[in-house]
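Read top to bottom, the protein sequences are chains A and B. The first sequence begins at 0 in numbering that gives the first Met the number 0 and counts up by one. The second sequence begins at 0 in numbering that gives the first Met the number 0 and counts up by one.
It is worth saying that the hints were derived from the structure and are not from the lab. Glycine included, each C-beta is placed from N, C-alpha and C at the ideal position. A couple of the hints might just be wrong.
Claimed, not checked - A few chain A residues that don't get close to chain B, going by computed Cβ distances all over 12 Å:
(1) Gly6
(2) Glu78
(3) Phe80
(4) Gly81
(5) Ser126
(6) Gly134
(7) Gly149
(8) Trp174
(9) Gly178
(10) Ala192
(11) Asp194
(12) Glu220
(13) Val226
Claimed, not checked - Label pairs and their computed distance ranges (CB to CB):
(14) Arg93(A) x Ala100(B): 24 to 32 Å
(15) Asp2(A) x Ala61(B): 26 to 34 Å
(16) Pro225(A) x Thr59(B): 42 to 50 Å
(17) Pro100(A) x Leu34(B): 33 to 41 Å
(18) Thr59(B) x Arg215(A): 46 to 54 Å
(19) Arg220(B) x Arg93(A): 46 to 54 Å
(20) Val243(B) x Arg215(A): 32 to 40 Å
(21) Asp102(A) x Val243(B): 21 to 29 Å
(22) Asp233(A) x Pro230(B): 33 to 41 Å
(23) Arg220(B) x Thr79(A): 28 to 36 Å
(24) Asp40(A) x Val243(B): 43 to 51 Å
Spelled out, the chains give:
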Amino acid sequence: MTDRLDGRVVLVTGSGAGIGRALCLACADAGAVVVVTGPGDNGQETATLVTDRGGRALFVRTDVAVAADVDRAVAVAAETFGGLDAVVHNATSRLSSRVEPIDEIDDGTWADHVAVSLRGTYHCARSALPHLRAGVGRFLVMTSPAALEGSVALPAYGAVKGALRGMAKSLAVEWGPLGITVNCVSPLAQTPALDNAYRENPALAPRLRAVVPLGRVGDPEHDIAPVVVFLLSDAGRYITGQTIVVDGGRFTGL
Amino acid sequence: MGAPPAATVTIVIVVLGEGAAGDGSRSLALALRRLGEAVALGALDPRAPKSDDFVTLPCTMASGDGVADLLDRAQTDGDPVHAVVLASVGVPTTEHGELAALDPTQWADRVEIPLRRTLACFQGSHRRLRARGGCLLVLVPTLSLVGAAGMAPWAAVAEAQRALAKSAGRAWGHEGITVNCVAVPAALLVTALRAPGAVAGGVPGTAGPDRPGLPPPSLDRSPSWESDIAPVVASLAAPGWTGVTGATIAVDGGVWMTP
Chain A
0 MTDRLDGRVV LVTGSGAGIG RALCLACADA GAVVVVTGPG DNGQETATLV
50 TDRGGRALFV RTDVAVAADV DRAVAVAAET FGGLDAVVHN ATSRLSSRVE
100 PIDEIDDGTW ADHVAVSLRG TYHCARSALP HLRAGVGRFL VMTSPAALEG
150 SVALPAYGAV KGALRGMAKS LAVEWGPLGI TVNCVSPLAQ TPALDNAYRE
200 NPALAPRLRA VVPLGRVGDP EHDIAPVVVF LLSDAGRYIT GQTIVVDGGR
250 FTGL
Chain B
0 MGAPPAATVT IVIVVLGEGA AGDGSRSLAL ALRRLGEAVA LGALDPRAPK
50 SDDFVTLPCT MASGDGVADL LDRAQTDGDP VHAVVLASVG VPTTEHGELA
100 ALDPTQWADR VEIPLRRTLA CFQGSHRRLR ARGGCLLVLV PTLSLVGAAG
150 MAPWAAVAEA QRALAKSAGR AWGHEGITVN CVAVPAALLV TALRAPGAVA
200 GGVPGTAGPD RPGLPPPSLD RSPSWESDIA PVVASLAAPG WTGVTGATIA
250 VDGGVWMTP
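For reference, chain B alone in the conformation it holds in the complex (with noise of 0.2 Å):
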C-alpha cells in the first residue's frame, strides 16, 4: 500500500502528450509549473521546443517499458514521481472526419494506435507508482461524453481510456494509486482543430468540434488551463484526493453537466 508523500516532499508530476506548442500537453504543463509544480512533459512530438519551465523529454509511448523509463527520467532532484497525466495521444486522433469516409490508414493512426499508447502509458505509469502510490490522470475531450459529429474516433478513444481508467482505479486502489479523468472542451486540447468552423463565432474553449447550439457555460466564462484546469488536475495529484478514483470530472464550465 503506497502512502501519499509527505507535505515536505515536492510532488513530481508528468505529462505526456504530444508537447508542441499550443497543444494541451504543453498548455498543462506551463499552467501547473506556474502554479509552483514540479513538472517534466513527455512529448510525442520530437520537435517539441524545449522551455525553460519544465523539462522536456522525448517519449514514444510504444511500450510500458518504454514509459516506465521515461518516468525515471523524469525525477528531479531525486523526487520520485508522484503523478502522470495523458494529456493527449496524438494530433491524427482529434482531426475531424467523417467515420464511414476515413481510409483504413487514417483509422490505425487516429483510433488504434493512441488506444495502443494509452495501454502504454497505463501499464508504464503502474510500474513506476506502485512501489508508493500516486496518481493517474487521463484528460478527454467533453465530446466524448456526448458525442460530436466527426469525431467518432477521437470519442472512442477517449472513451476506451475512461474504461480503461476505471478498470486500473478498481486494480490498483490497495496499492495506493488513484486514477481518474478530466473533461476539458476540446478545443482546448489541440491547437489546430480541422473542424470545419472550429473556434470561429463560438465562445473560446467550447467551440470547435463540438456539438452546435450549446448553451453557453453556466459560469459565463469558458474554462482556462491557469485559472481552473491546471488547479484541479493538481488537487487530483495531491494527498487530499486519495478517495477520489474512477471518477470523471467535467471542466467545461457548466455546459454539459454529465455524466
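Looking at chain A on its own, in the form it has when it is part of the complex (with noise of 0.2 Å):
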C-alpha cells in the first residue's frame, strides 16, 4: 500500500493560482501526471512549474461552467495520457471571497457561485465517470469551513459549498458499487483569496492565529496537498463519503 500518485492521470480544476496550483505541484511530486486547468493563463504558470520540477503537466484552458470545456479537458486527458484516475474539483467563483450578505445577494453573484462551484461538479461528474476505474477512481471536491459553519460575510459561498458536501456524500454511495470513492477537503490555507480577505480586514489574521489549535493558517502545499495526494492514492482507497477538515484543529465539530 503507497500514497504514491505513479502514473496516475490527475486533473485538478482551478489550478492556475492558490491551492489548486498546490495539489497539482503535490500531485506530480507524488508520480502523477497532471492537467491543469482554468480558464486563464495562470493555469500554463502552475504546469510549467510542475515540469521545471520534472514532473509531467498538461495546461488545458477550461471554464468548469460550460460542459464543453470540461468535456475536452476530459478528453485532451484521456487522448494524451491514455486515461483519467481522479478529479479534483477545487475551481471557485472568482465572487468567493467577496463580502456580501444574505440580503444583498443578487442574481448575478448567485448564479456565478451556483455555475462555478456546482455545475462544475456536475460537468465534471458527467465527463469523468466513463473513465473512471474501479479500486483507482477518485472524485474529489474542496469545500470550506464556510459550510461547516456558515458565515455571516460569504454566505453564498458557504452555501455552495455546503451543496458540494450533499453532492459528494450521495455520489459516494451511487459510486462506491462502482470502485470509485468520493470525498471532500474542506481546508484552512492561505491563499490569495485569504490574502485579499486580511487586506479588506486586517484584524482576521490574528484572530485565525488565535483560534486554529495549532497556530496557524495551513500552507497550501505542505499541509493541505499531501491530504489531498493521500485520498487520492491506493492508501486512501478505503475512504468514502467524508469530508476531511485539514485546518489545524479550527472545526471540531464532526
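Both chains come to you apart, so use the hints to assemble them.
Have a look at this one:
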C-alpha cells in the first residue's frame, strides 16, 4: 500500500493559483501526470512549474461552468495520457471572497457561485465517470469551513460549498459499487483569496491564528496537498463519503 | 432586536412548499393547524387545492420581494407572521436519477432553480421578520446528512440550505431571528417518490430513497407529521426556543443519530 501516485492521471480544476496550483505540484511530486485546468493564462504557469520540477503536466484552458470545456479537458487528458484516474474539483467563483450578506446577494453573484462550484461539479462528474476505474477512480471536491459553520460575510460561498458536501456524500453512495471513492476536503490555507480577505479585514489574521489550535493558517502545498495526495492514492482507497477537515484543528465539530 | 411575541399574540406560521396533496408542506400545514396553530400555506403548485383548515396562497418563490409580499398576505387578523417554514422547493429535486445521467435541463430543474428559490425565501423572510424577530425553519431530508444513491441533487440542495441557515443564524441572531433545520425521512416530504422500490417493503417513512439496509427507527416507529414533526416545528417557533439557532434537529425516530 502506498501513498504514491505513480502513473496516475489527475485533473485539477481551478489550478492556476492557490490551492489548485499546490495540488498540482504535490500530485506531480508524488508521481502523477497532472492536467492543469483553469480559465486564465496562469494555468500554463502552473504547468510550467510542474515541469520545471521534473514532473509531467498539461494545461487545458477550461471554464468548468461550460460543459463543452470540461468535456474537452477530460478528452484531452484521456487521449494524451491514456486515461483519467482522478478529478479534483477545486475551482470556485471569482466572487468567492467578496463580502456580501444574504440580503445583498443578487442574481448575478448567486448564479456565478452556482455555475462554478456546483454546475462545475456536475460537468466534471458527467465527463469523468466513463474514465474512472474501479479501485483507482477518485472524485474529490474542495469544500470550505464556511460550509460547515456558515459565514456572515460569505453566505453564497458557504451555501454552494455546503451543497458540494451533500453531492459528494450521495455520489459516494452512488459510485461506491463502481469502486470509485468520492470525498471532500475542507482546508484552511493561505491562499490569494485569504490574502484579499486580510487586506479587507486586518483583524482577521490575528483572529485566525488565535482560533486555530496549531496556531497558524495552513500552507497549501505542505499542509493541504499531502492529504489530497493520500486520498487519491491506494492508501486512501477505503475512505469515501467523508469531509476531511484540514484546518489545524479550528473546526472540531464533526 | 426583535422580542418574542407576547403569549396573547397569535403566532402565525407560514409554510412554503409545493403545496400539492401529499406534499410535505401541505402535510405539515395541516398537522400544525390541528395543533391549533395559525397557519398559511404558500404553494408553488398553482393547482394546489384549497383547504378549509388554512389559507392557501400562490407563491412562485421567484424573488425575495415576492416572498415578502406573500408573508404580508398571509397575515391573519392583523397578527404578523412570526415563523416561516420552507418545506419543499419543487418536485423535480426529489426525483431519483443518477447524477451523471442527468441532462442540463434536469440538472437546472433539480438543483439550480430550487437553490434560487431558497435564496428568495431567506431574503423575503428576513425582510418581514427583522422588525419583530421570529423564526425561519427549513425541512430537509435526512438523506442529505448521510447521502443516498440517485439523490445527489436533493442532497446538494438540502446541504446548501443547511449551510445558508447557519450563515443566516449567525447574521440575524442580533435581530431576534432564529434559523434552524429539521431533518425528516425523505419519504415523508414527497408523495410520488421515483426511487426504485420506494416505500415498498420498508418501514413507512424511512424507506423510499434512503439507503438500503438501514436499521429500524430506535423509537420503534417512524415519525408522523401530527405526533412528531409538527410539534417540533411549533415548538421551535415558540419563544422557548429562542436560544437555539443554526442547528439541525433530526426527527427520524433515531435511525441515523447524526450529526
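Okay, the hints, checked on the actual structure:
At roughly 25 Å from the closest C-beta of chain B, the C-beta of Gly6(A) stays outside 12 Å, upholding its exclusion from the interface. At the 12 Å boundary, the C-beta of Glu78(A) stays outside the reach of chain B, the nearest C-beta of that chain being 20 Å off. No beta-carbon of chain B comes within 12 Å of the beta-carbon of Phe80(A); the shortest separation is about 21 Å. A cut-off of 12 Å between C-beta atoms confirms that Gly81(A) is not in contact with chain B; the least separation is 22 Å.
The beta carbon of Ser126(A) sits about 9 Å from the closest Cβ of chain B, which is not more than 12 Å, so the claim that it is off the interface is violated. With a cut of 12 Å on Cβ distances, Gly134(A) stays outside the contact zone with chain B, its closest approach being about 19 Å. At roughly 3 Å, the least C-beta separation between Gly149(A) and chain B is not larger than 12 Å, which violates its mark as non-interface. Not every CB of chain B lies more than 12 Å from the CB of Trp174(A), the least distance being 8 Å, so the non-interface label is violated.
Listed as outside the interface, Gly178(A) is consistent with that label: its C-beta sits roughly 14 Å from the nearest C-beta of chain B, beyond the 12 Å cut-off. Remark: the non-interface label on Ala192(A) is consistent with the geometry, its nearest Cβ contact in chain B lying 17 Å away (cut-off 12 Å). With a least CB separation of 23 Å from chain B, Asp194(A) remains clear of the 12 Å interface cut-off, as annotated. The non-interface label for Glu220(A) is consistent with chain B: the shortest C-beta to C-beta separation is roughly 27 Å, beyond 12 Å.
Taking the minimum C-beta to C-beta distance to chain B, about 21 Å, the non-interface status of Val226(A) holds against the 12 Å cut. For the pair Arg93(A) and Ala100(B), the beta carbons lie near 30 Å from each other, so the given range of 24 to 32 Å is met. Taking the beta carbon of each, Asp2(A) and Ala61(B) are about 49 Å apart, not inside 26 to 34 Å as hinted. A beta carbon spacing of about 48 Å between Pro225(A) and Thr59(B) agrees with the range 42 to 50 Å that was offered as a hint.
Roughly 34 Å separates the CB atoms of Pro100(A) and Leu34(B), a value that falls within the hinted 33 to 41 Å. Distance hint for Thr59(B) and Arg215(A): a CB-CB separation of about 48 Å, consistent with the stated range 46 to 54 Å. Evaluation of the 46 to 54 Å hint for Arg220(B) and Arg93(A) yields a pass: the beta carbon distance comes to about 50 Å. Evaluation of the 32 to 40 Å hint for Val243(B) and Arg215(A) yields a pass: the beta carbon distance comes to about 33 Å.
Restraint check, Asp102(A) to Val243(B): a C-beta distance of roughly 23 Å satisfies the suggested window 21 to 29 Å. Separation of Asp233(A) from Pro230(B) is about 50 Å and departs from the stated range, judged on CB atoms against 33 to 41 Å. Checked against the hint of 28 to 36 Å, the pair Arg220(B) and Thr79(A) fails, with Cβ atoms roughly 57 Å apart. At roughly 49 Å, the beta-carbon separation of Asp40(A) and Val243(B) lies within the given 43 to 51 Å, and the hint holds.
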